[in-house]
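Visitor: Chains as they are written, first to last, in numbering that gives the first Met the number 0: chain A, 0 to 662; chain B, 0 to 217.
Derived from the structure by calculation, the hints contain no laboratory data.
These numbers were taken from a predicted model, which means no experiment stands behind them.
Where a beta carbon is used, it is the ideal one built from N, C-alpha and C, also for glycine.
Possibly wrong hints are sitting among the right ones.
Short, incomplete list of chain A residues facing chain B, as computed with Cβ under 10 Å [as the list claims (entries may be wrong)]:
| hint | residue |
| --- | --- |
| 1 | P175 |
| 2 | L368 |
| 3 | G369 |
| 4 | Y372 |
| 5 | V380 |
| 6 | S520 |
| 7 | S602 |
Estimated spans, in silico, between C-beta atoms of each pair [what the hints assert, rightly or not]:
| hint | chain 1 | residue 1 | chain 2 | residue 2 | range |
| --- | --- | --- | --- | --- | --- |
| 8 | B | S202 | A | I313 | 24 to 30 Å |
| 9 | A | G581 | B | I125 | 29 to 35 Å |
| 10 | A | G421 | B | E203 | 30 to 36 Å |
| 11 | A | A393 | B | A127 | 24 to 30 Å |
Calculated lysine-lysine pairs in the DSSO-like style (CA-CA distance at most 30 Å, straight line) [unchecked claim]:
| hint | chain 1 | residue 1 | chain 2 | residue 2 |
| --- | --- | --- | --- | --- |
| 12 | B | K102 | A | K382 |
| 13 | B | K102 | A | K562 |
| 14 | A | K611 | A | K562 |
| 15 | A | K268 | A | K420 |
| 16 | A | K562 | A | K451 |
| 17 | A | K451 | B | K102 |
| 18 | A | K415 | A | K268 |
| 19 | A | K415 | A | K338 |
| 20 | A | K31 | A | K338 |
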Amino acid sequence: MTFLNEIGVFALVCAFVLSVAQVALVAAGQWKRLSGIERYSEGVSLAAALSLILSFAILIAAFVRSDFSVVNVYEHSHTDKPLLYKISGAWGSHEGSMLLWCVIMLSFGALITLLGRGLPDSLKHKALGIQGLLGAAFVGFTLFSSNPLGRLAEAPLQGRSLNPALQDPALAFHPPMLYLGYVGLSVVFSFAVAALIEGRLDRAWARWVRPWVLAAWVCLTIGITLGAYWAYYELGWGGWWAWDPVENASFMPWLAATALLHSAIVMEKRDALKAWTVFLAILAFTFSMMGAFLVRSGLLTSVHAFAVDPQRGILLLTILFVTAGLGFALFALRVPELKPGGLFAAVSREASLVLNNLLLSAALLSVFLGTLYPLLMQALVDKAMSVGGPYYLAVFGPIMLAAIAIIPISQLMSWKRSDLKGVVQRLGLAFGVACLSAAIGSLFYGGAGVWKQVTFFVGLLAGFWLIWGSLRLLMERVGFGAAAWRKFTALPLATHGMILAHVGLGIFVLGAVVEGHSRISIQQGMQVGDTVRLAGYEMTFTGTYRQDGANYDAQGGIFVIEKNGRQVCEARPQRRFYPASGSMQSKVWLCFEPLNDLYVVLSQPQESVGGKPVWQVRWFYNPWVRLIFLGPVLMALGGVLSLFDRRLRLGVATKARKLKEAV
Amino acid sequence: MNRKRQDRVTSPSPFMGRGDHLRSRWWAGPTPVSQCLTVVIAALAVSPAHRSLRSRSPLPMNGEGERRSMSLLAVLFLLLLLPFTAHADAAHADAAHDEARAKALYREVRCVACQSQDIADSDAAIAADMRREIREEIAQGRSDAEIRAGLSARYGDYVLFRPRFSLGNLLLWSLPPLILVGGIAVFVAISRRRGAARDYVLSEAEEARLRDILKNDR
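Please put together the full structure from these sequences, using the hints given.
Guide: Printed below as a string of structure tokens:
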């Protein structure tokens with residue numbers, strides 16, 4: 000099957016041509032003489048998706064077969080690699096990940112066809128046209144500037160292997176989840192542009208778009224969390240978020256999607272905030288594309304590397320500017336024609352969600368500035384500068400704090416007009432309990448300095464306020480009586496989802512505050528038999544061991560950790576040598592105390608003292624760090640619950656219409 | 000006092016015993032007695048609110064209830080101050096304060112040899128050197144601002160994770176809050192205008208009647 004890869008390239012070409020055809024059909028259908036032809040775009044979208052999936056399957060097959068005649072496989076794979084990492088190698092490279100992006104994009108186009116039976120035909124076809132346009136742009140980019148199935152003249156015997164740091168289960172699934180989220184927003188973008196062309200923006204539109212926003216948001220949440228978890232236990236630096244531009248690139252679409260999620264609710268329920276919701280829909284995907292541009296152009300590694308080979312970057316930037324420009328131009332043209340929707344008072348749930356959106360937008364802007372400012376300064380005035388954690392803590396932190404503070408209040412408000420005093424009174428107990436929880440928390444984890452104490456307390460208060468405030472809502476709806484369980488099960492899934500997601504956010508905030516505030520570490524050269532102490536634990540270096548892995552040789556240390564003379568765990572961190580790429584990789588060992596982690600990293604053994612090697616050991620005590628990863632999982636779960644709410648379930652409209660026709 | 004600080008700087012492992020330090024501080028500050036008091040006061044404070052909840056009146060705020068909830072809040076706010084009574088002996092607090100300052104500064108300084116990492120997290124040799132520099136400068140009594148200025152003079156602005164407030168960084172610092180304030184202002188303006196427009200649109204018949212009334216008045 001030596002020509003299998005050529006079939007893959009051919010399938011890629013087919014997908015490109017079919018995507019162009021999809022756009023052409025929809026465009027031609029706007030011409031009176033050919034009206035009706037646009038319905039063929041539905042079939043074309045399915046065919047395009049299938050051929051791209053075929054192409055991707057062939058790429059994966061090339062990785063699984065270790066076909067080193069393909070450049071991409073040669074550069075990112077190795078015969079000794081475990082199967083999972085051979086497969087994940089398919090999206091471990093620039094070319095492969097662009098192909099994955101396109102596969103998801105065209106598959107979502109097909110899903111518009113498959114799930115959109117309840118949609119009005121003209122809207123559906125226009126959305127398919129826009130989705131086809133995006134698909135054609137990205138498939139064309141992949142095909143012409145980063146062909147994943149390009150061949151080498153002579154096939155080498157062995158590949159260069161995937162970067163060992165990427166050989167990890169969390170990172171195998173991180174890019175697909177993230178891309179599902181990024182590209183899921185492309186469907187929202189397509190629907191927004193289609194609705195603008197149609198000149199029809201109503202509650203029904205918001206209802207069709209919301210499941211897509213929600214699904215994309217869930218995938219983004221999971222994808223970002225997987226990435227953070229990977230950074231936490233694979234990179235061996237004890238932290239989980241560095242405000243690195245690559246991380247920010249994924250966080251910006253998330254913030255935009257979160258704002259969109261909330262404004263779409265207002266649009267669906269109250270027919271208000273139409274222009275703003277559509278603006279956010281366009282903005283969210285623009286940030287997705289910007290993330291792709293930042294990460295895929297090589298701009299972030301160094302501005303100079305970008306200048307040497309700017310072709311890919313310029314192409315991506317062109318796609319970004321053309322599509323986003325098209326969206327925003329259309330928005331500017333059409334917005335004056337929009338009829339203003341439902342009115343609401345300054346104190347109402349709508350108004351509180353507007354405030355939430357403004358806060359999220361300001362937070363988004365701070366991340367955007369922090370990410371791009373150093374790049375701009377470097378490019379414009381050739382001045383090197385850094386924007387890091389302290390900046391975000393000072394600017395992003397207070398904005399998000401305000402956003403969090405209004406969540407419990409917003410949850411209890413009624414639509415149209417609400418009574419602030421009543422809501423505050425209903426929340427008094429929750430606030431009191433939150434204050435109490437935070438005070439007790441500060442007693443146990445508080446540090447030195449009044450300012451640190453205050454920020455720590457405020458952070459804890461925000462987390463507990465979210466949790467108790469959300470539970471207060473649940474309590475109001477369910478109560479404690481005999482009917483509690485019945486009422487609990489009768490609550491709409493969307494309400495359950497909202498409460499769960501907000502509680503999850505609160506749990507995340509608690510974890511982030513406590514971990515960020517009270518993490519302590521120690522770095523020490525140790526010989527076998529040495530003991531160090533940290534946060535009441537005692538760690539003794541008892542011995543070393545060797546292990547032969549599938550594609551690495553590991554050297555490890557055995558450390559016994561005790562608390563009050565009782566053994567808590569045995570840590571076995573490793574240093575792995577990967578002969579294929581000739582690189583070393585530290586493997587962290589995590590000891591799970593219920594919420595806290597004991598985190599042990601081994602560095603290279605150094606000079607011998609008296610014949611015994613000295614190992615550099617870093618040991619972190621990370622309190623409440625589990626919550627940082629548990630919180631987003633709950634948030635995503637809340638999103639999924641909400642997705643299964645009856646009102647949002649896809650196809651409900653179809654059923655209702657069929658029933659009507661039958662009657 | 001000063002010698003003690005010097006010891007901390009030159010000891011082979013400056014991190015040694017930091018955990019124990021933290022641990023002892025919990026108990027050195029608030030005594031077990033004050034902690035028990037916290038819990039008791041808190042329980043008392045919450046109980047009246049709990050009763051008002053039991054009574055299940057959604058808006059129970061007559062004068063008495065309001066006063067009670069206000070006193071509840073006052074007690075709770077007092078409680079918040081308890082953790083700040085933590086510092087028992089001044090010398091200990093001073094050393095702890097220096098330690099906290101150093102740790103906060105580590106988070107602001109970029110390890111120049113690493114990929115976007117601060118020197119607190121990095122185990123690179125240069126990061127250890129920079130940490131030592133900062134500790135020494137703190138021991139010499141320099142202020143945080145002086146230390147930052149020194150670092151940026153030696154390594155350039157690149158080394159500071161918190162960009163300085165300068166003309167070049169004006170947009171970076173001011174745009175997010177400005178957008179927030181501007182956004183709120185625009186929203187208020189729009190909703191006012193829209194509300195006003197809705198309230199005062201009259202139909203043609205009404206306009207005619209209005210003209211009649213005005214004419215008759217004259």
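Visitor: Decide, hint by hint, whether the structure agrees.
Guide: To see whether the hints hold, each was checked on the structure:
Interface restraint check: A/P175 against chain B, minimum CB-CB distance 25 Å, threshold 10 Å, status violated. A hinted interface residue such as A/L368 counts as satisfied when its beta carbon comes closer than 10 Å to some beta carbon of chain B; here the least separation is about 5 Å, so the hint holds. Interface restraint check for A/G369: the shortest CB-CB distance to chain B comes to about 7 Å, inside 10 Å, so the restraint holds. For A/Y372, the interface hint holds, the least distance from its beta-carbon to any beta-carbon of chain B being 5 Å, beneath 10 Å.
Annotation: A/V380 was flagged as interfacial toward chain B, and the flag holds, the nearest CB pair being 8 Å apart, inside 10 Å. At about 7 Å, the closest approach between the beta carbon of A/S520 and any beta carbon in chain B falls short of 10 Å, and the interface hint on this residue holds. Contact between A/S602 and chain B, as hinted, is supported at the beta carbon level, the nearest pair being about 6 Å apart and thus within 10 Å. For B/S202 and A/I313, the hinted distance range of 24 to 30 Å is not satisfied, since their beta carbons lie about 58 Å from each other.
For the pair A/G581 and B/I125, the supplied restraint of 29 to 35 Å is violated, since their beta-carbon distance comes to about 24 Å. At about 42 Å, the beta-carbon gap between A/G421 and B/E203 misses the expected band of 30 to 36 Å. The hinted range of 24 to 30 Å is satisfied by A/A393 and B/A127, whose Cβ atoms lie roughly 27 Å apart. Note on B/K102 and A/K382: the hinted pairing holds, with a Cα-Cα distance of about 27 Å set against a maximum of 30 Å.
Of the supplied pair hints, the one linking B/K102 and A/K562 holds, its CA atoms being roughly 26 Å apart against a limit of 30 Å. For the given pair, A/K611 sits about 27 Å from A/K562 by alpha-carbon distance, which is consistent with the 30 Å threshold. With a CA separation close to 24 Å, the supplied pair A/K268 and A/K420 stays within the 30 Å bound. The suggested pairing of A/K562 with A/K451 holds, with an alpha-carbon distance near 28 Å, which does not exceed 30 Å.
Between A/K451 and B/K102 the CA atoms are separated by roughly 12 Å; this keeps the pair inside 30 Å, and the hint holds. In summary, the hint linking A/K415 to A/K268 is supported, as the alpha carbons are separated by about 11 Å, within the 30 Å threshold. A threshold of 30 Å between alpha carbons decides the hint, and for A/K415 with A/K338 the separation of about 18 Å falls inside it, so the pair holds. Of the supplied pair hints, the one linking A/K31 and A/K338 holds, its CA atoms being roughly 28 Å apart against a limit of 30 Å.
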